Amino acid sequence: MLQKITCFLIIVAGQACWSQSQDRSVFNGKVVSNASDLEGIHVINAQTEETVTTNAFGSFSISAKADDILVFSSISFKEKRVLLKQEDFSNLNFAVNLTMIMYQLQEVVVKRYDNINAESLGVIPMGQKKYTAAERKLQTATALNATANGGTMAGGSISADPLLNFFSGRTAMLKKEVAVEKKEFFMRLLENMFTLEHFVERLKIPANYVKGFEYYAVENEKFTVILNSKNKTSTEFLLGELAVKYKEMIAGENK
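Just so you know, we're using the numbering used here here: the sequence shown kicks off at 14 and counts up by one.
Read the hints as simulated data drawn from the structure, not as lab findings.
Treat the numbers as computed from the prediction; the structure is a model and nothing was measured.
Some hints here could point you the wrong way.
Once the Cα atoms are required to be at most 25 Å apart in a straight line, the calculated SDA-like pairs of lysine to any residue come out as [said to hold, decoys possible]:
id, residue 1, residue 2
1, K224, K243
2, K78, V39
3, K91, S72
4, K98, V65
5, K245, G265
6, K224, T184
7, K260, V213
8, K245, M200
9, K245, A220
10, K91, M115
11, K91, T64
12, K93, F70
13, K98, N41
14, K98, E62
The following label-pair restraints were derived from C-beta to C-beta distances [as the list claims (entries may be wrong)]:
id, residue 1, residue 2, range
15, N244, I114, 27 to 37 Å
16, V65, M115, 20 to 30 Å
17, V122, E190, 38 to 48 Å
18, K224, S49, 50 to 60 Å
For every residue, glycine included, the Cβ atom is placed at its ideal position computed from N, Cα and C.
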């Protein structure tokens, strides 16, 4: 008797589920928002617990019927519940507008990592010489680039490019570029360390001669070594000595 009752309940439950599924049809719609990324939003039928996700255009298809509640859920949008009406099934442009969730940062901490560079990260070996753009060109033009060559008695070959660059004058031109680049570097270093007022008021260099004095100073190898050390006291002391000589030169020219 108990087995018959159990079988009867199973049959009734199955018929009820089948009847419910028969009442439902495929419902098509889409979600809209100010956001450009509408893919992956969960659409849940609260009655059947069926879940689908939207595509890149925000469109979705789910089994539903009138009076079902669709739940729209996403980490980027506020949850929204929509009660389906019979007329929604004939609406080819059914759309649900979702509101984005705005996350407000309480605090922003900016940290400086001065010790992080190519050497500390292991990208290049520690202590490796750093070349400027002009120095790299010169290095490439003058490198012998010896390569192994088993077909020669010497066991290797040497590129002829350095010789061609030398006789064509390219090497000399590149050396001049390196020299000019170094002077420009020292000029920027000097101008960043001392203001125009320092040259005019402290060193008594006429304003229209300041730029010429800067070139005069960076031509002095002893001065550029001190300048490159970024020791402002030593640099200022030697700069004062050079200023005296430069003013004497100016005085001699104006006689």
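Broken hints, by number
Hints 5, 6, 15 are the ones this structure does not satisfy, whereas the remaining hints hold.
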